[in-house]
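> First to last, the protein sequences are chains W and Y. Quick note on my numbering: the first sequence kicks off at 66 and runs consecutively. Quick note on my numbering: the second sequence kicks off at 66 and runs consecutively.
In case anyone wonders, no lab produced these hints; they're calculated from the structure. Heads up, a few of these hints could be off.
Stretch-level coverage of chain Y by chain W, calculated; a stretch enters the list once three of its residues show a Cβ under 8 Å from a Cβ in chain W [as the list claims (entries may be wrong)]:
id, stretch
1, 85-94
2, 293-306
3, 487-495
Note that CB positions come from ideal geometry on N, CA and C, so glycine has one too.
In case you want the letters, here they are:
Protein chains: 2
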Amino acid sequence: MVIDAKDLYKEIDKYMDSEITIEGWIRNHRKQKEFGFIDFSDGTCFDHIQIIYDNKLKEFDDIQKYHVGSAIRVKGLVVSSPKENQKFELQARKVELLGDCPEDYPIQPKKHSREFLREQAYLRPRTNLFQAVFRVRSVASYAIHKYFQDRGYVYFHAPIITASDCEGAGEMFHVTCFDLDKVPIKDKKVEYNKDMFQTDASLTVSGQLEAETFALAYKKTYTFGPTFRAENSNTKVHANEFWMIEPEIAFCNLEGDMEIMEEMLKYVVKYVLDNCPSEMKFLDNFVEKGLIEKLEKLVNSKFTRITHKETIDILQKADVKWEFEPIQGEDIAKEHEKYITEYFDGPVFITDWPKDIKAFYMKLNDDNETVAAVDLEVPGAGEIMGGSQREEDYDKLIKRMDEMGMDKEELDWYINLRKFGGCVHSGFGMGFERLLIYLTGVENIRDVIPYPRTPGNCEF
Amino acid sequence: MVIDAKDLYKEIDKYMDSEITIEGWIRNHRKQKEFGFIDFSDGTCFDHIQIIYDNKLKEFDDIQKYHVGSAIRVKGLVVSSPKENQKFELQARKVELLGDCPEDYPIQPKKHSREFLREQAYLRPRTNLFQAVFRVRSVASYAIHKYFQDRGYVYFHAPIITASDCEGAGEMFHVTCFDLDKVPIKDKKVEYNKDMFQTDASLTVSGQLEAETFALAYKKTYTFGPTFRAENSNTKVHANEFWMIEPEIAFCNLEGDMEIMEEMLKYVVKYVLDNCPSEMKFLDNFVEKGLIEKLEKLVNSKFTRITHKETIDILQKADVKWEFEPIQGEDIAKEHEKYITEYFDGPVFITDWPKDIKAFYMKLNDDNETVAAVDLEVPGAGEIMGGSQREEDYDKLIKRMDEMGMDKEELDWYINLRKFGGCVHSGFGMGFERLLIYLTGVENIRDVIPYPRTPGNCEF
Chain W
66 MVIDAKDLYK
76 EIDKYMDSEI
86 TIEGWIRNHR
96 KQKEFGFIDF
106 SDGTCFDHIQ
116 IIYDNKLKEF
126 DDIQKYHVGS
136 AIRVKGLVVS
146 SPKENQKFEL
156 QARKVELLGD
166 CPEDYPIQPK
176 KHSREFLREQ
186 AYLRPRTNLF
196 QAVFRVRSVA
206 SYAIHKYFQD
216 RGYVYFHAPI
226 ITASDCEGAG
236 EMFHVTCFDL
246 DKVPIKDKKV
256 EYNKDMFQTD
266 ASLTVSGQLE
276 AETFALAYKK
286 TYTFGPTFRA
296 ENSNTKVHAN
306 EFWMIEPEIA
316 FCNLEGDMEI
326 MEEMLKYVVK
336 YVLDNCPSEM
346 KFLDNFVEKG
356 LIEKLEKLVN
366 SKFTRITHKE
376 TIDILQKADV
386 KWEFEPIQGE
396 DIAKEHEKYI
406 TEYFDGPVFI
416 TDWPKDIKAF
426 YMKLNDDNET
436 VAAVDLEVPG
446 AGEIMGGSQR
456 EEDYDKLIKR
466 MDEMGMDKEE
476 LDWYINLRKF
486 GGCVHSGFGM
496 GFERLLIYLT
506 GVENIRDVIP
516 YPRTPGNCEF
Chain Y
66 MVIDAKDLYK
76 EIDKYMDSEI
86 TIEGWIRNHR
96 KQKEFGFIDF
106 SDGTCFDHIQ
116 IIYDNKLKEF
126 DDIQKYHVGS
136 AIRVKGLVVS
146 SPKENQKFEL
156 QARKVELLGD
166 CPEDYPIQPK
176 KHSREFLREQ
186 AYLRPRTNLF
196 QAVFRVRSVA
206 SYAIHKYFQD
216 RGYVYFHAPI
226 ITASDCEGAG
236 EMFHVTCFDL
246 DKVPIKDKKV
256 EYNKDMFQTD
266 ASLTVSGQLE
276 AETFALAYKK
286 TYTFGPTFRA
296 ENSNTKVHAN
306 EFWMIEPEIA
316 FCNLEGDMEI
326 MEEMLKYVVK
336 YVLDNCPSEM
346 KFLDNFVEKG
356 LIEKLEKLVN
366 SKFTRITHKE
376 TIDILQKADV
386 KWEFEPIQGE
396 DIAKEHEKYI
406 TEYFDGPVFI
416 TDWPKDIKAF
426 YMKLNDDNET
436 VAAVDLEVPG
446 AGEIMGGSQR
456 EEDYDKLIKR
466 MDEMGMDKEE
476 LDWYINLRKF
486 GGCVHSGFGM
496 GFERLLIYLT
506 GVENIRDVIP
516 YPRTPGNCEF
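Same shape as in the complex, but just chain W:
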């Protein structure tokens, strides 16, 4: 029977001195006159298996011709390794070629630039770096589900195609069945009634407003799905398609919201450290020195809580020449986020933001100037989550929507939540790729999404 490398590592004592069969790929191949060494991976775990074969095998000459990248099946004896950093190795008794690979295979055992690997995105999970990053992505996804499900949250699949630009959170992509060169137009207006949904449909920018409808039925809910921004931004942290987690909790105020944000983040970070030790060690060694220490420190820290006003006070008193002057009532810049996390030497919740720079649905504080919103700033990453208590007061919500000139009819269902057994409720949003950049040390969002969509890029 064929076993996974993962199981072999897990139960190495059981398999030691036994004959086993493995199937996977040649990642490196060093040939000597009487011996050969195959660096083998089947992708079930980050760690490779060293295979040794010698010229006593009748297929010795054939094996020596096997190229890097080839798929092979190996029967062999598990023996303890003379090398210190290697638990065991496999003495081959039979090596079969399952799938050849040409010599011009793009992924050779050497350092490739990340730019080159983006062009070969369909092959890059076969490199150590991306093998690690995308397993961390998978394990972190599961940690998020596990955190919420263990605590009784209902997973809510927010609609992807939507007819409302609820939050005004960003530019939206249009979705249509029309051939773009044959859009029916009458009296200078698009005849949306002839399109699939008989309306101007778009890709969602956030599932939050819909998630609130679930919070007011299940008390605790969360989304985890793709969201979209039609923005022509070519930065390291922007993509047009990315995944978001948006929990929403009824009978929960901003304080409770922050407790959940802190607990959830620590849980996910710890889960990844515990379940991806080899991947994290590799990333610590080759991507961000001190990564594991940074993450362990986060898990063991107490997050500071200060108001936006206090933050500006600290920034204004700082002996720093700012590119952007910190001003009361205004937003803060990247340099300010960095300073404030260094100032407190750890994660900082900044609360009570000026209402004019925040969304319409955030709860107005008694001062009539600020809202019960929070951003979580994390050392080395800046803002990683944002949340708020939602305005539960029907009249105040209406007033704010009027002030902002919003279409109340389109959101009547959302407003009605305040009329039909409304209650204090809060939630937050976390961009999953932001979290992954923080978790892996990989700086570019293009390198934490399997097939990134950015302006001009829609390959695969």
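Mind docking chain Y on chain W? Use the hints.
Frame of chain W; chain Y shown alone:
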């Protein structure tokens, strides 16, 4: 401290005869002269809590005015209940109104039609039926993740926006940043180079082809995400937006694929039965009589495996007047699926389908006529999953794509998987809503998706 109804039920012995506080909603309210009974739910579990209050409470007159749908906070004593089907009840010591609800609240404690509730989709999770269905949806989602993650599969987020109609699986929605009344056209051609992705972009119909790239790096992978079909179908089982699970496994042939399909389905069904007992009991009582028995039977059955040819033989020999005659080499109809599962009194894998009615990527059998494909037919639901061994042979894949007149350049990366260490690999797809229809007994796909997208419907 406020506790969740779920925790109260779980540890009722601990809380019996104690004073507790709960927050949630009035689902029903029966008033008597000296007493009142509130049917309370906080949404953390399917079971409600019966609250009794009497006229010794100073706010008795106020409480009597509280409408169905209102949010309340109740402090009370947990006491054992005189009723047989009720473990406990809560003797109120204080009842506070947190959020009022008008008398014309649409969700009253009576039977509403499903059509009416679709119009009130944002309120329907507050009804017993949808409270049950959407929790089952959440728990089944988690069961799927747990099944695959426990077995070392890597969760792969397939791209949603794509430039290739890989599978030809169905009509696709266009995605664009252009205002539809201002699409730039030059020489009668859309100037896609001016659009965000500089190409004709669409919403994915399947993540399978991309998932194969992960299988050939991680051995075991799965997708779980939204997929789209731009089809104008107004049936009970079609939606334009739905979620799919698409596992893909390297070094796995069709036999292995079927083992995983069978094990996974049984696991998910059993997980839901174990973790949603109240929901399933309700659905069994009010939606599909015998639902639990049907599902338990599936868990304990051995799935039959027969070929498409054998299936047609059986159908042709059957003493049935078919609407569609079963013919060798052709597809089978709903009535045939039904007959064959009844014939074997259980789930049936039908394998080795005529190549001309299946997709290009399926492995050609030695007979040159059939492909190593499989559909799983389940009693009462018909086809619930479909899978295949993928064509791993480079030359055969090229030949088949040429026969079908496909664009090889667009899929060069997919073809290259057969050149760069290719190997036997297989996978399958499961429409998540099909599974939910089977699990809940609810017949219409519109009732198992929180906010369904069907022709003409893009509300919320």
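> For this structure, which hints from the list above don't hold up?
none
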